[in-house]
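Participant: Spelled out from the first residue to the last, the chains are:
There are 2 protein chains.
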Amino acid sequence: MAAVAGEPEVIRDKAAMRAWARRRRAEGKAVALVPTMGFLHDGHLSLGSVAAAAASASGPVAVVVSIYVNPSQFAPTEDLATYPSDLAGDLRKLAATGAVAAVFCPPYLYVRAGAGGSGHETWIRVERLEKGLCGSSRPVFFRGVATVVAKLFNIVEPDIAVFGKKDYQQWRVICRMVRDLDFAIDIIGSEIVREADGLAMSSRNALSIHRSLVNAKTAALNGNNHSQQIKDQIVQTLAEAGGQVDYVEIVEQESSVALERMDRPAAICVAAWFGKVRLIDNIEIQTHHPDGGASI
Amino acid sequence: MAAVAGEPEVIRDKAAMRAWARRRRAEGKAVALVPTMGFLHDGHLSLGSVAAAAASASGPVAVVVSIYVNPSQFAPTEDLATYPSDLAGDLRKLAATGAVAAVFCPPYLYVRAGAGGSGHETWIRVERLEKGLCGSSRPVFFRGVATVVAKLFNIVEPDIAVFGKKDYQQWRVICRMVRDLDFAIDIIGSEIVREADGLAMSSRNALSIHRSLVNAKTAALNGNNHSQQIKDQIVQTLAEAGGQVDYVEIVEQESSVALERMDRPAAICVAAWFGKVRLIDNIEIQTHHPDGGASI
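Which chain is which? The protein sequence lines are A and B, in order. Under full-length UniProt numbering, the residue at position 109 of the first sequence is numbered 109, and the numbers go up by one with no gaps. Under full-length UniProt numbering, the residue at position 37 of the second sequence is numbered 37, and the numbers go up by one with no gaps.
Chain A on its own, in the form it takes in the complex:
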């Protein structure tokens, strides 16, 4: 994408962010939000391009990328302090895309505890979709994600928000929250960006997971819709590659309900440990009913 917008405006204050977005709206632009935790790679950068493209189809758009490492989605056992960051590098990469009008990088977003227990205490839970998959080993993760995203929505007041489908469960949780709480925001799920060899763009992912998912999809499209057989194959493939599966689940795409048979649009979601690194990946499969009817 050619650099046309130049340097994005860097905004650190909530009120200034909201005022900026309202000015863009008053100018007749749609506002598109891309929430990130920074340390950006090409997968993130593609989200901004998706936001610009999706919105510009219906008129001018101002893309806002937020960079904020959200403490509430880390458990006490998880290492928030060592989460990587590189704000200067992030700003340089975003400027180079030419697609980003503003970067929102607040130093903090939560009220700190004061006297009388007055700290942050409001939490949003998406009670079914937050369970299972990554929610099983990270019980506070989606509560933290839903809550910080709602805060960002109320600060930026975007018309559009873009989430990567690499974090499949997160994307579905956000879609469900937006529906249930009536946010006036279109959520766009951006396709996974992969390296030439198929590796999902992430600092922690493994080619073997992707290969196992592609093989599973091929098997499913060739008629094997038995979820357990497919899952067993993935577990075995990853074990042979030196990984240990945390979970592999085959779920109905929208509801994340487990499927015994892939007889409707399905997603295979995998998390696995390779040494001390936990990797996730997923693949969507548009399977059909065995009677040959339309997909649901």
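Since the hints were derived computationally from the structure, they do not count as laboratory data.
The list treats identical chains as interchangeable, and a pair is accepted whether it falls inside one copy or across any two copies.
Dumping the calculated DSS-like pairs for lysine-lysine here, alpha-carbon to alpha-carbon at most 30 Å:
1. K14 - K29
2. K217 - K166
3. K165 - K29
Based on the hints, put chain B in the right spot on chain A.
Facilitator: Relative to the frame of chain A, chain B by itself:
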């Protein structure tokens, strides 16, 4: 208040409501929301006037009253089906105030459950303030209130919202939610409207509660800041009047943390049973530090 606005516009659809509010904003008006469950009395009607007055101080305002009996704040043991309603009467009363531009009365607000567990599943909890007081005997109540109010905020997108301070804990829960989730909405707590004899405007309230609260306030301002003594006196007064106290609590105003001594701005909150009717009331007391310094 003189009738100037005439008949309010009656809106039942979410998208139509949001579009209506956005048009008012585009005209340069602030939008003020007054959420109710209908069956309006003068206490409710005063909220609309408060909204109009508060907003008009800084420019023109469009007041929206919502009427929706929120099922999610009723427990299965509580009687949602017999909650009183009188929409025609409500509309007549609101038209007579001349202060209300629109009435939002949706037939439903929650997604119904479909296949694959796709019904409403997103809940907002204000984890400390929802506990104690009315939350002790009504454990899902404030979860339901916070969630439906967030939905109404996202549908109407108001600049201002008005809540009656008769429902003291509810008002504080909403203030905390708005702070924690960064809603761009000014919350106004409207003072309790009372009959000439001091009875709070409610179909279910009792003069004896109000009298006991006024006596307690007098005692506190005369120097008795021992919460337990004040509470014992209220329990005894209400027992003599034939009531049975569900709770009487003396709390710090903003945090709702219990106070042993009323040495800072306090609220006394009471719930009591008179026969099969549960009544609530409260009073605020601006007490001072015993050292004669400024109040906190």
